[in-house]
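Q: The opening position of the sequence shown corresponds to residue 171 in my numbering, with each subsequent residue numbered one higher.
Worth double-checking, as some hints may not be accurate.
In silico PhoX-like cross-links for lysine-lysine, where the CA-CA straight-line distance does not exceed 25 angstroms [what the hints assert, rightly or not]: (1) K203 - K276; (2) K276 - K197; (3) K241 - K196.
Label-pair restraints from in silico Cβ distances [stated by the list, open to error]: (4) R210 - D174: 13 to 21 angstroms; (5) T214 - D174: 34 to 42 angstroms; (6) L262 - L294: 19 to 27 angstroms; (7) L262 - T214: 29 to 37 angstroms.
These aren't lab readings, by the way, just hints derived from the structure by calculation.
Ideal Cβ placement from N, Cα and C applies to all residues, glycine included.
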Amino acid sequence: MNGDALLYTGSFMIAFWGLAHIVMTKKIVDDFKLESIDKRRVLTMEWVTEGLTLCFIGGLVVVVTVWGGSKSPASIVVYRSSTVMLVIMAVLSLFTGARTPAVPYKICPPLFMTVAALYFLGSLF
171 MNGDALLYTG SFMIAFWGLA HIVMTKKIVD DFKLESIDKR RVLTMEWVTE GLTLCFIGGL
231 VVVVTVWGGS KSPASIVVYR SSTVMLVIMA VLSLFTGART PAVPYKICPP LFMTVAALYF
291 LGSLF
C-alpha cells in the first residue's frame with residue numbers, strides 16, 4: 171500500500187467517525203440523563219465540536235494530498251501535525267471519556283491512534 175492510500179484510508183476513517191459523532195449527539199446527550207439544560211448544551215457543544223474537528227482533520231489531509239501532492243513540504247507538515255493532534259485527542263479520551271460506560275467513548279482512543287499511525291506512515295512513503 172502506498173503512502174497516498176494510507177492517507178486516504180485514515181481520512182475516510184476519521185471523517186466517518188466525526189460524522190458519526192454528530193449523528194449520535196442527541197442519543198449520547200440523552201443517555202447521560204442530565205437535568206440541567208446548561209449541562210445538556212455544554213455536552214452537545216463538546217460532542218459536536220469533536221465531530222467537526224475530526225471531519226476537518228480528515229478533510230484537510232485529503233485537500234492537501236489532492237492539491238499539493240503527498241510529498242510537498244506543506245502536506246507533510248499537515249500530516250504530521252494531524253498525527254500529533256490525534257495522539258493528543260487519543261490520550262485525552264483514554265483518561266476521560268473512555269473511562270465511562272459509553273461504548274462510543276471507548277472506540278475513540280484506538281481509532282485515533284490507528285489514524286495517527288496511518289498519517290505518520292503515509293507521510294514517510
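Q: Please list, smallest to largest, the hint numbers that this structure does not respect.
A: Numbers 3, 4, 7 - these are the hints that the structure violates, sorted from lowest upward.
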